[in-house]
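Peer 1: For chain A, the structure is supplied; the task is to place chain B on it using the hints.
There are 2 protein chains.
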Amino acid sequence: MATIPTIWTYDWVPEGPRGFVRDLRLRWAAEEAGLPYQVRTVPFRGRETNHLDAQPFGQVPFLEDGDVRLFESGACLLHLAGKDERLMPRDPVAAADTLQWVMAALNSIEMASVPWWFLTVSGQPENPLGAWLDKRLGQLEAVLADRAWLAAGRFTVADLVMADVLRVRKVRERGDRPATEAYVARITDRPAFRKAHADQLAHFRAADAPA
Amino acid sequence: MATIPTIWTYDWVPEGPRGFVRDLRLRWAAEEAGLPYQVRTVPFRGRETNHLDAQPFGQVPFLEDGDVRLFESGACLLHLAGKDERLMPRDPVAAADTLQWVMAALNSIEMASVPWWFLTVSGQPENPLGAWLDKRLGQLEAVLADRAWLAAGRFTVADLVMADVLRVRKVRERGDRPATEAYVARITDRPAFRKAHADQLAHFRAADAPA
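So the protein sequences, as listed, match chains A and B.
Okay, so the first sequence: first residue is 1 according to my numbering, each after it adds one.
Okay, so the second sequence: first residue is 1 according to my numbering, each after it adds one.
This is chain A alone, in the form it adopts within the complex (with noise of 0.2 Å):
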């Protein structure tokens, strides 16, 4: 018997990350696959260190599929995109498409808008990094302003991850850029998506309800 695919992450988190929290990514997966899985939980507090085995710097998500053991969300996408095309196209040069478009998303803006949020939130007056980020989205835009999807001519992981990065309000009001605003809005108006974020904040709210 096949086993189910387990989506670990925190048991509780603060108001703040709700709806945002890594894990969204790989329901959302499992979501639009039509893979079933389930989810279970680490303690948030104390995650510095008690879940270095599965995840060394202490994060979620993690994911467990038969005797497969994932972290790192992208890595844990890839894996999921594998098991079913509805993720990511079996042709391979729909599938580099698609795998190059992940990569983009995770390392190209991504890596710009983390640290410039993070130095945002830190209350950053000038942010060192905003030039940067604006850059890289504003080159984004111009390849959305052509096409509906990132890779294939469809939706695909690549969008799943792209519109996951591009979804922080923050990161959006940087600038007018209409073409992302429309891809953002519709990519999270997916079915798979709506499912996904409601039962994040579901599973963090029921851990805030007296026992």
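I should point out that these hints are in silico values taken from the structure, not numbers from a laboratory.
Where hints are given, some of them may not hold.
Straight line, CA to CA, 25 Å or less: simulated SDA-like cross-link-like pairs of lysine to any residue [claimed, not checked]: (1) B:Lys-135 - A:Gly-46; (2) B:Lys-83 - A:Phe-118; (3) A:Lys-170 - B:Arg-86; (4) A:Lys-170 - B:Trp-132; (5) A:Lys-83 - A:Arg-154; (6) B:Lys-170 - A:Ser-122; (7) A:Lys-195 - A:Gly-175; (8) A:Lys-135 - B:Asp-53; (9) B:Lys-135 - A:Pro-89; (10) B:Lys-83 - A:Ala-148; (11) B:Lys-135 - A:Pro-14; (12) A:Lys-170 - B:Leu-119; (13) B:Lys-83 - A:Pro-92; (14) A:Lys-135 - B:Arg-47; (15) A:Lys-135 - B:Leu-52; (16) B:Lys-83 - A:Gly-46; (17) A:Lys-170 - A:Ala-152; (18) A:Lys-83 - B:Arg-86; (19) A:Lys-83 - B:Glu-85; (20) A:Lys-135 - B:Val-93; (21) A:Lys-135 - B:Pro-14; (22) B:Lys-170 - B:Gly-153; (23) A:Lys-135 - B:Pro-43; (24) B:Lys-135 - A:Arg-154; (25) A:Lys-135 - B:Pro-128; (26) A:Lys-83 - B:Lys-195; (27) B:Lys-83 - A:Ala-152; (28) B:Lys-135 - A:Phe-118; (29) A:Lys-135 - B:His-51; (30) B:Lys-135 - A:Ala-148; (31) A:Lys-135 - B:Val-21; (32) A:Lys-135 - B:Gly-123; (33) A:Lys-135 - B:Glu-48; (34) A:Lys-135 - B:Trp-12.
Covered stretches of chain B (chain A as the covering partner; in silico rule of three or more C-beta atoms under 8 Å from a C-beta of chain A) [unchecked claim]: (35) 128 to 141; (36) 155 to 169.
Backbone N, C-alpha and C fix where the C-beta goes; we use that ideal spot for every residue, glycine too.
Peer 2: Same frame as chain A, now just chain B:
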């Protein structure tokens, strides 16, 4: 007849980035796997706009392999890794282990080190990303103190990309991390790295020569 993969890089770069332009990762991977390849160039001057159809952020490297075209060094490395098990084992558990550490190098370490480096060379006196970078490097040091290779009990493409991220001198000077130092020294002493590094230096040096 199979086509020979083409690694695209710049025709020239200033002295500073020589030895660190990301085509080195692809050369290195091809050398490790014994894959034939050729190197072709796009002009460094005008890079912001002149090859956006191949790389929408105006960067290098990108890779052509038959009909497959890829940008993002991480995507190119995973593509090359799919061609030869010396870069990534075929066993699913070991492959997932390799994949997660490739992503960790790019998304947990490089995501901190590149913006930190960018602020540092911009003359930011108290770099606000230093604590984040140090935390990640410390967590990685604990991993490397325990084992010789990141994944699968042997050299993989995960070591290639992690060592490439870590060999930046300013990053390594952040603190005393003996396991990381020994790891980087050992991985970059591999003949495939030394050849790729020498070849990149020679490539850019040749562009300096008077016609």
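Peer 1: Given the hinted pair Lys-135 (chain A) and Val-21 (chain B), is their alpha-carbon gap at most 25 Å?
Peer 2: Holds, at about 20 Å.
Peer 1: For the pair we were handed, Lys-195 (chain A) and Gly-175 (chain A), check the Cα-Cα distance against 25 Å.
Peer 2: Violated, at about 29 Å.
Peer 1: Is the straight-line distance between the alpha-carbon of Lys-170 (chain A) and that of Ala-152 (chain A) 25 Å or less?
Peer 2: Violated: Lys-170 (chain A) and Ala-152 (chain A) sit about 29 Å apart, past 25 Å.
Peer 1: Are Lys-83 (chain B) and Ala-148 (chain A) close enough, with their CA atoms no more than 25 Å apart?
Peer 2: Outside the cut-off at roughly 31 Å; violated.
Peer 1: Hey, Lys-135 (chain B) versus Ala-148 (chain A), does the alpha-carbon distance stay inside 25 Å?
Peer 2: At roughly 39 Å apart (the allowed maximum being 25 Å), Ala-148 (chain A) and Lys-135 (chain B) break the hint.
Peer 1: Is Lys-170 (chain B) close enough to Ser-122 (chain A), meaning Cα to Cα at most 25 Å?
Peer 2: Satisfied, since the Cα-Cα distance of roughly 24 Å is no more than 25 Å.
Peer 1: Hinted pair, alpha-carbon criterion (25 Å max): Lys-135 (chain B), Gly-46 (chain A). Please report holds or violated.
Peer 2: With Cα atoms ~15 Å apart, Lys-135 (chain B) and Gly-46 (chain A) stay inside 25 Å; holds.
Peer 1: Between Lys-135 (chain A) and Pro-14 (chain B), is the straight-line Cα distance small enough, at 25 Å or below?
Peer 2: Since the Cα atoms of Lys-135 (chain A) and Pro-14 (chain B) sit roughly 22 Å apart, the hinted pair holds (cutoff 25 Å).
Peer 1: So if I understand the rule, the pair passes when the alpha-carbon distance is 25 Å or less; does Lys-135 (chain A) with Arg-47 (chain B) pass?
Peer 2: Holds, because 14 Å separates the two Cα atoms, which is no more than 25 Å.
Peer 1: Would the hint linking Lys-83 (chain A) and Arg-154 (chain A) be met if the CA-CA limit is 25 Å?
Peer 2: Holds. Lys-83 (chain A) to Arg-154 (chain A) sits at ~18 Å (cutoff 25 Å).
Peer 1: Has the region 155 to 169 of chain B got at least three residues whose CB is nearer than 8 Å to a CB belonging to chain A?
Peer 2: violated (count 0)
Peer 1: Taken at face value, is the distance from the CA of Gly-123 (chain B) to the CA of Lys-135 (chain A) at most 25 Å?
Peer 2: Distance ~20 Å between Lys-135 (chain A) and Gly-123 (chain B) Cα, so the pair holds.
Checked against the numbered hints given earlier, the structure breaks hints 2, 3, 7, 9, 10, 16, 17, 20, 22, 24, 26, 30, 36 and satisfies all the rest.
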